[in-house]
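Could you build all of it, start to finish, from the sequences and the hints given here?
4 protein chains.
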Amino acid sequence: MASTMSEIKVGILGASGYTGAELLRLLNDHPTAEARWLTADRNAGQPVGSLFPHLAHLGLPDLQRLDDVAVDDVDVVFCCLPHGLTQKVVRELPETLRVIDLSADFRLRDTALYAEVYGKPHEAVELQERAVYGLTEHYGEAIGKARLVANPGCYTTTAQLPLIPLLKARLIDPTRIIIDAKSGVSGAGRAARESSLFTEISEGFHAYGVATHRHGPEIDQCLSDFTERPVTVTFTPHLVPMNRGILATIYVRLQPDATVDGLQAALADAYRDAPFVHVLPPRSLPATRHVRGSNNCLIAVHPSRVAGEAILLSVTDNLVKGASGQALQNMNLMLGLDETAGLRGAPLFP
Amino acid sequence: MASTMSEIKVGILGASGYTGAELLRLLNDHPTAEARWLTADRNAGQPVGSLFPHLAHLGLPDLQRLDDVAVDDVDVVFCCLPHGLTQKVVRELPETLRVIDLSADFRLRDTALYAEVYGKPHEAVELQERAVYGLTEHYGEAIGKARLVANPGCYTTTAQLPLIPLLKARLIDPTRIIIDAKSGVSGAGRAARESSLFTEISEGFHAYGVATHRHGPEIDQCLSDFTERPVTVTFTPHLVPMNRGILATIYVRLQPDATVDGLQAALADAYRDAPFVHVLPPRSLPATRHVRGSNNCLIAVHPSRVAGEAILLSVTDNLVKGASGQALQNMNLMLGLDETAGLRGAPLFP
Amino acid sequence: MASTMSEIKVGILGASGYTGAELLRLLNDHPTAEARWLTADRNAGQPVGSLFPHLAHLGLPDLQRLDDVAVDDVDVVFCCLPHGLTQKVVRELPETLRVIDLSADFRLRDTALYAEVYGKPHEAVELQERAVYGLTEHYGEAIGKARLVANPGCYTTTAQLPLIPLLKARLIDPTRIIIDAKSGVSGAGRAARESSLFTEISEGFHAYGVATHRHGPEIDQCLSDFTERPVTVTFTPHLVPMNRGILATIYVRLQPDATVDGLQAALADAYRDAPFVHVLPPRSLPATRHVRGSNNCLIAVHPSRVAGEAILLSVTDNLVKGASGQALQNMNLMLGLDETAGLRGAPLFP
Amino acid sequence: MASTMSEIKVGILGASGYTGAELLRLLNDHPTAEARWLTADRNAGQPVGSLFPHLAHLGLPDLQRLDDVAVDDVDVVFCCLPHGLTQKVVRELPETLRVIDLSADFRLRDTALYAEVYGKPHEAVELQERAVYGLTEHYGEAIGKARLVANPGCYTTTAQLPLIPLLKARLIDPTRIIIDAKSGVSGAGRAARESSLFTEISEGFHAYGVATHRHGPEIDQCLSDFTERPVTVTFTPHLVPMNRGILATIYVRLQPDATVDGLQAALADAYRDAPFVHVLPPRSLPATRHVRGSNNCLIAVHPSRVAGEAILLSVTDNLVKGASGQALQNMNLMLGLDETAGLRGAPLFP
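Residue numbers (this note's numbering), protein chains in the order written: chain A, 1 to 350; chain B, 1 to 350; chain C, 1 to 350; chain D, 1 to 350.
Think of the hints as simulated: they come from the structure by calculation, not from any bench. One or more of the hints may lead you astray.
Selected chain D positions facing chain B (Cβ under 8 Å, derived; list incomplete) [what the hints assert, rightly or not]: (1) Ala192; (2) Arg193; (3) Leu197.
In this text the structure is predicted, and so the values were computed from the model without any measurement. For each residue, glycine too, the CB sits at the ideal point set by N, CA and C.
See the structure below:
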């Protein structure tokens, strides 16, 4: 469909947040896609550089009101709107447009569960039925054909990538999965909240949403696609005083016949051809800084001090593989482009 | 024994590291104790302020070589020397001196286990037999009579305080304890290592010592004091880009008849009169920044998403309750002083 | 007036911000003063610990509405209200109360200048006439007798302490003073603003308020007290990704007969008996971390590469000597207490 | 010379430091250049990923000993060796090789001054005579023809870019230039020093090398190229607790007939066609985070509070425009490639 001659035209709904800005950074590296319009209702009329000075010199279109853009003048729309608003906006988009939604609005297939977790009824039930969950490495075929992709959450992406191959291969006990996850602060977005102030976060560490974070049900749903019975994971998120990055430390129980070496082999095998998921040598120590700014996910397997158990480590950049990077990867699949287009940049360190 | 008239005289072996400096900061607040001599062989002859400018204006004695100090001109010695060297030095100290050792050299009662974990034979076996483990809240009586106290590790203190009362009350399964711990960087000390550089740590997060960290056996030993059979915990430390603080997220399995409320009640009961351990209301979210610079430990209990399980959160300042503060608390007990002397300062935030 | 027997009773107006919290931390160390009431209109009825968990265990009174407190049941009031509101509140306080105002509302003696700088007319002109500027080391005598003290700004304190003795001694040219100042983020307060988010500040550095910051006129006013003709300084503030601390790098031109050694000597002489201002040896490199949490100001003098010029370095903790600590120091003077009461704590490092 | 068909082959001497790693990150984005060999004597035989895990998956050659590489199998050599060693190594390289040196070894034209500043005699005087100073925007023509380019220091680049056009246009007084500069920590390199530890830098700020930093003479030399008489600047570097970025705040005195608007116009004019130097609208506030990871330099002009003076702000990423990025930009010029090749990536924020 796409060629180097004909540019892919992209629209971004809600370009005033961090995921929108990150999409623009990545699109700048994309050989054939280009942002055609950007909406941000409260900042309409402003240049992107007034909100994001780091993007000031890229020749991007100014921000516009949604009502003012020629919505269908693009091939694909990225939706970076807040949870809740998204369903209403997406259901009004022309049916011809491909849509990649970065909010949580289409991630939970069970709309009753959605209502419970997000505290309000789903407002686009018929669209939900056709939405494809966008964990690229495991739903790639469906993503390629999808009209609407629900891009996964950052925690969920980081936790699911090491777990899915092990559950598929029946190497670990699906009833005993503990995910202790730690995230940088950009996951909280750009909203001005006291709890996100520099002074409230720097030089400190804490857990939040213990047993109640909304990514818990999302992880359950996705992992359950690869197990016989529904899974309920233990999931605890924490906030790290850094901008970007997620590390998930995952405690698993081996199935009776499984070994730690077997886990390593199954993961290596599963991701042998995946351009962004790298299974490190046994007992490696991946760090979030090793993937900063990139679409990579690094995975390591460790034996536990307790026999029959193992520890998985997984890191991503929450704004890239955990959000805008995976969204672009999904776009590439949906449009038949090279999966890595726009995503080949090396991580930034230090 | 002590009165406001008669000063307690203190000596510090190895005052050039962070735990030594922190002792000096806390002693500055102590109403009756005073540093009489400070050793630092490589920096002998220098004023403390040349190593630690923040302590320059406190009127402290200059650093000296160990051979040059009148060792027995003090009531109590804090030993802040590196692991390994400590045993040799402490065994040469006059028997009349009370000693609080902040290294790991006397923490493991089983000297064979010491040799295995630390990779060399124990060099003061007879002293080891008389050493008392210095987790103040649970070994206080023995500490009061001890000549040699082995001050616990920072991770171990943080993890043991919430676990011990629950194990004593048989509310949790001792075979299923997972400790996911996160520490600030000062725990690595002041040695110049590439892995401790600002550029290698800032804006990143990683696990280390997975299943192999030396605090694992120490936690096992201590918890086993309160259980019928020896315990082996799962323990994973991580490094947080902050100077101070430890948070332990602890996953436990309830005993058949136990409840999350029961855990809360048992902890509240255990620490009702403890001046430094505060059990927060159910589902609280303690942060390391809430205890920064203080000797406090904050504990919270959460239900898990998985029935029959619970999550414990515990925070300390690794240099205070996790090291020098607990050492001072132990000194207070050993000398019959008010347990909180020198330790009443409120945390520093932001 | 005060004795160890009779407690000094303290009220705090606007205790929900960082300067209020810092006052409470410092008062916890004060031997004879105690917080009697705390106001915070929006958070009335809540315990202090709900806003500031680090202060939860100090036995403090709950927050109240201003209308609900027995205002005159205290000896002294600290006013930590926002700029603008302060004038209205302070002018209603009983005349018998001593007041230390931490806002900018009474710092500028010239109310016309106030109106120009703060964009609205002064609302307590008669009070302004009696307000004493609270730079303790240089206005101490007047502070001791004052009813209303205008506590200086954080930048102004840090810049003025090294400059005043040099201007008094006519060693530097008052027409050529350049103050390049760098502050931690707590100076911006606890208000939820996008520009104060962790993600907007961490891993970055920028100047702000170039030539327009409100502390410029305040510095001019104070320095002019010590010169023959009014002074206009160059003043540029910058934001450092850290919680606390200010460093001022000050470029001065020597008077024809002055020398860099003379500057050093004049400063050492001026602060010989000052308990908190320490003039370091020539060419020292004071760091904000050397004063963190303390009321200290460290000053160093350097020759410049350019003949006839010198560079002064000055550091404080903006929340202590730059705000609440100096306020407490002023209270001590106003009430005839030891100037250092509540302020003897050593800095916290690392 | 170069075409998309024929790859440019690159060698890197001393690839184990941050500037080497940054070159590899940027080369990964370069359309026609490719690293052919990498030396790192102490780490010879190791894959790049063992030193820099973020570069592990780029298919780079392993590190080798200098003696083991086919030095002349490349078109251009980047030298990232330590100061001092560089002169000896570079003078042994085949005359046919183009060399871009990132150390300070060839920056000072006056070898007597070099000896004074660096404390040892220059060891490649004849090469020095032919070295071209690599501030791309102002020495571009000579760089294009050079065999050996001395890549400028990070502070010097950041300070010189705003100053040179103003000196050329005689708009500012060359005898009154004060450069107050602030740098992230990566400028100190990867050597394990106590002063570079996370705990020694985080949550603090300090000046260093006041009036003695080696970039002072380098700035003098370069600016003097554009003035009638030799210049001596005041230059004070500071360390910011962040990984990357430099901000220079520069205080200048206008020439009698000059205006602040005139400065703005002269700078805008000078850099109208420069792809990486962006002169912002008057009174803008550039931040280091706006250029992180990019080769951009942002410049802003402000009036001062003092008549006849102005303040310039300039920001770069010290590892990109201040080191490896400018080196690559110079390579592009030397080889007749598009100046922006490999350098079009947008900054990474947050």
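Each hint, compared with the structure:
1. With 8 Å as the threshold, the beta carbon of D:Ala192 comes within range of chain B, its nearest partner Cβ sitting at about 4 Å, so the hint holds.
2. Look at D:Arg193: its Cβ gets to within about 5 Å of chain B, closer than 8 Å, so that hint holds up.
3. Satisfaction of the interface hint for D:Leu197 is found here, the shortest Cβ-Cβ separation to chain B being roughly 5 Å, below the 8 Å cut-off.
The structure meets every hint from the earlier list without exception.
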